[in-house]
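S.K.: Chains as they are written, first to last, in the numbering used here: chain A, 110 to 411; chain F, 110 to 411.
Bear in mind the hints are in silico, worked out from the structure with no lab data behind them.
Ideal Cβ placement from N, Cα and C applies to all residues, glycine included.
Don't take each hint at face value.
Footprint (simulated), chain F over chain A, 3 or more residues, beta carbon under 8 Å [unchecked claim]:
id, stretch
1, 114–125
2, 182–193
3, 313–327
Listing some non-contacts, in silico: residues in chain F with all C-beta distances to chain A over 12 Å [what the hints assert, rightly or not]:
id, residue
4, T114
5, A121
6, P270
7, G297
8, R301
2 protein chains.
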Amino acid sequence: MFAVTILGNNSAIPTPDRHPTSQVITYNEQLMLVDCGEGTQMQLAFYKVKRSKIRHIFISHLHGDHYFGLIGLLNSLSLLGRTDPLSIYGPPELEEIIQMQLRTAATVLRFDMQFHALLPDKTGLLLSERDMEVHYFSTRHRIPCYGFSFSMQRKKRKVIPEQARAYEIPAAYFSRLQDGADYERKDGTIVRNDWVTLPPATARRYVYCADTIYDEDLIPHIQGADLVYHETTYLHNLQQRAADRFHSTSVQAATLADKAGARRLLIGHFSSKYADLQPFLDETLPIFPHTELALEGTTYLV
Amino acid sequence: MFAVTILGNNSAIPTPDRHPTSQVITYNEQLMLVDCGEGTQMQLAFYKVKRSKIRHIFISHLHGDHYFGLIGLLNSLSLLGRTDPLSIYGPPELEEIIQMQLRTAATVLRFDMQFHALLPDKTGLLLSERDMEVHYFSTRHRIPCYGFSFSMQRKKRKVIPEQARAYEIPAAYFSRLQDGADYERKDGTIVRNDWVTLPPATARRYVYCADTIYDEDLIPHIQGADLVYHETTYLHNLQQRAADRFHSTSVQAATLADKAGARRLLIGHFSSKYADLQPFLDETLPIFPHTELALEGTTYLV
Chain A
110 MFAVTILGNN SAIPTPDRHP TSQVITYNEQ LMLVDCGEGT QMQLAFYKVK RSKIRHIFIS
170 HLHGDHYFGL IGLLNSLSLL GRTDPLSIYG PPELEEIIQM QLRTAATVLR FDMQFHALLP
230 DKTGLLLSER DMEVHYFSTR HRIPCYGFSF SMQRKKRKVI PEQARAYEIP AAYFSRLQDG
290 ADYERKDGTI VRNDWVTLPP ATARRYVYCA DTIYDEDLIP HIQGADLVYH ETTYLHNLQQ
350 RAADRFHSTS VQAATLADKA GARRLLIGHF SSKYADLQPF LDETLPIFPH TELALEGTTY
410 LV
Chain F
110 MFAVTILGNN SAIPTPDRHP TSQVITYNEQ LMLVDCGEGT QMQLAFYKVK RSKIRHIFIS
170 HLHGDHYFGL IGLLNSLSLL GRTDPLSIYG PPELEEIIQM QLRTAATVLR FDMQFHALLP
230 DKTGLLLSER DMEVHYFSTR HRIPCYGFSF SMQRKKRKVI PEQARAYEIP AAYFSRLQDG
290 ADYERKDGTI VRNDWVTLPP ATARRYVYCA DTIYDEDLIP HIQGADLVYH ETTYLHNLQQ
350 RAADRFHSTS VQAATLADKA GARRLLIGHF SSKYADLQPF LDETLPIFPH TELALEGTTY
410 LV
């Protein structure tokens with residue numbers, strides 16, 4: 110499974126039923142957290158997300174609605190007995206803020222926190238492991254801000270069990286078949302790998318565009334993505350306010366997803382002024398039909 | 110009215126139905142906040158507390174479950190358009206933490222934040238206005254920690270309307286009567302103030318003991334208080350763990366309230382390990398019968 114679960118879909122001021130930004134990415138039974146607004150640890154508990162399985166946390170920028178919940182989550186993970194290392198990716202000042210708060214509380218985390226500083230106007234590979242690659246890129250916001258591209262490339266071939274059994278290949282050998290090995294039978298004949306396996310599934314990609322003004326420089330990062338998250342703080346009639354505050358509108362998000370040829374669009378970071386979110390769909394769907402609202406507690410397959 | 114409303118009654122790790130420490134004190138339609146754990150701004154909204162009326166915030170110490178919600182609340186107050194000044198009282202490092210987070214977000218608060226640093230092993234008057242005095246004192250915890258004593262002294266005398274009318278004193282003059290003035294009638298005779306008023310009600314006092322190990326040095330601060338909040342992180346059987354972590358048990362809180370001659374005791378800061386709070390009452394009531402659980406959303410008159 111490769112999916113994203115929304116923990117918070119609201120912009121700066123929380124409302125009674127919407128929380129500041131946070132998302133959980135699930136892949137291979139591992140979890141990654143993207144942004145961590147105030148109350149994220151409560152949302153994780155509420156939606157029964159296994160906090161202990163989070164190995165990487167990505168913080169897009171240092172506006173509070175994207176990270177004020179991080180220090181509380183780190184504290185709780187430590188109190189809950191975590192010893193597995195945890196990687197955090199974010200602007201360099203974040204490390205100083207965390208360390209200062211740990212120091213004044215005389216807290217020593219029980220786990221190893223590995224901090225990776227993101228630098229303005231850079232782009233690149235943050236993480237590469239078995240099936241998952243994470244790249245980052247700058248977005249245009251009032252302060253340095255980063256988007257993240259999560260690409261799940263299944264590197265293993267898919268064994269066709271009936272075929273493998275027909276050639277009398279033991280199940281214990283299947284993991285080698287997944288890696289592309291041929292099989293030598295007892296009589297010395299060779300079973301070629303591609304007779305009994307299928308190529309790995311193509312990579313699937315989720316792109317999180319964080320907070321951003323409408324910016325066509327994002328297109329290369331979004332291009333061809335299976336699912337793109339783009340903020341829509343405001344509806345179309347507040348386009349000027351959106352620009353003034355380095356945010357985007359519904360129409361702008363849909364336009365960008367369309368121009369970039371994304372497959373599906375997820376919209377969120379709604380201003381607290383909107384109690385009803387339906388107008389966001391009404392404005393995006395005519396431009397980009399494959400749009401969904403980012404709803405808290407909902408999981409979207411990539 | 111002089112009352113305290115509980116917003117959070119839990120210790121470090123929030124549970125789905127209990128939040129980290131925060132309390133609102135209401136007096137003369139003014140509000141003060143005592144501690145501000147993560148999610149306090151959501152709790153204020155949930156319980157429909159008028160955030161704009163908060164003028165003073167007291168932070169007992171820099172363990173996260175007592176202040177991680179402060180920066181988010183400050184941000185939201187500013188975004189909501191507050192311009193009234195706001196006073197914050199807490200350990201000196203708190204100011205640096207707030208300023209660093211504002212700076213990295215390029216945020217300038219729209220209101221004047223007045224920071225008052227509390228210093229270890231000091232005690233004294235923090236605030237004195239019309240009816241309210243706030244003192245602070247050190248408690249014994251793992252890091253510097255402070256308790257607060259809120260004393261509401263009605264300085265105005267109480268007019269007896271029937272008496273005042275009998276002497277034909279116009280209602281417009283009642284506010285001067287409250288201040289202790291005599292009244293001169295048209296014929297030059299004097300109506301003495303104490304003929305038509307009663308003395309101000311005696312001071313009422315709420316003492317918040319923050320986080321603390323069992324410490325009889327607190328007795329002078331608690332003595333004779335109308336309502337005392339004392340933490341009970343653990344039940345009696347975990348007395349050793351409580352001491353190791355500079356926390357208290359149910360039995361210890363009740364014992365201290367009894368020794369100090371407090372009138373009523375409010376207990377809270379329950380460890381997340383306890384789903385059922387009834388045992389806390391079962392252990393305190395035999396020692397100190399006027400004990401109540403600090404329950405979220407509940408208001409206790411002082």
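S.K.: Evaluate each hint against the coordinates.
M.R.: Quick rundown of the hints versus the structure:
no. : hint    : in the structure
1   : 114–125 : holds (count 5)
2   : 182–193 : holds (count 4)
3   : 313–327 : violated (count 0)
4   : T114    : 17 Å, holds
5   : A121    : 5 Å, violated
6   : P270    : 43 Å, holds
7   : G297    : 62 Å, holds
8   : R301    : 55 Å, holds
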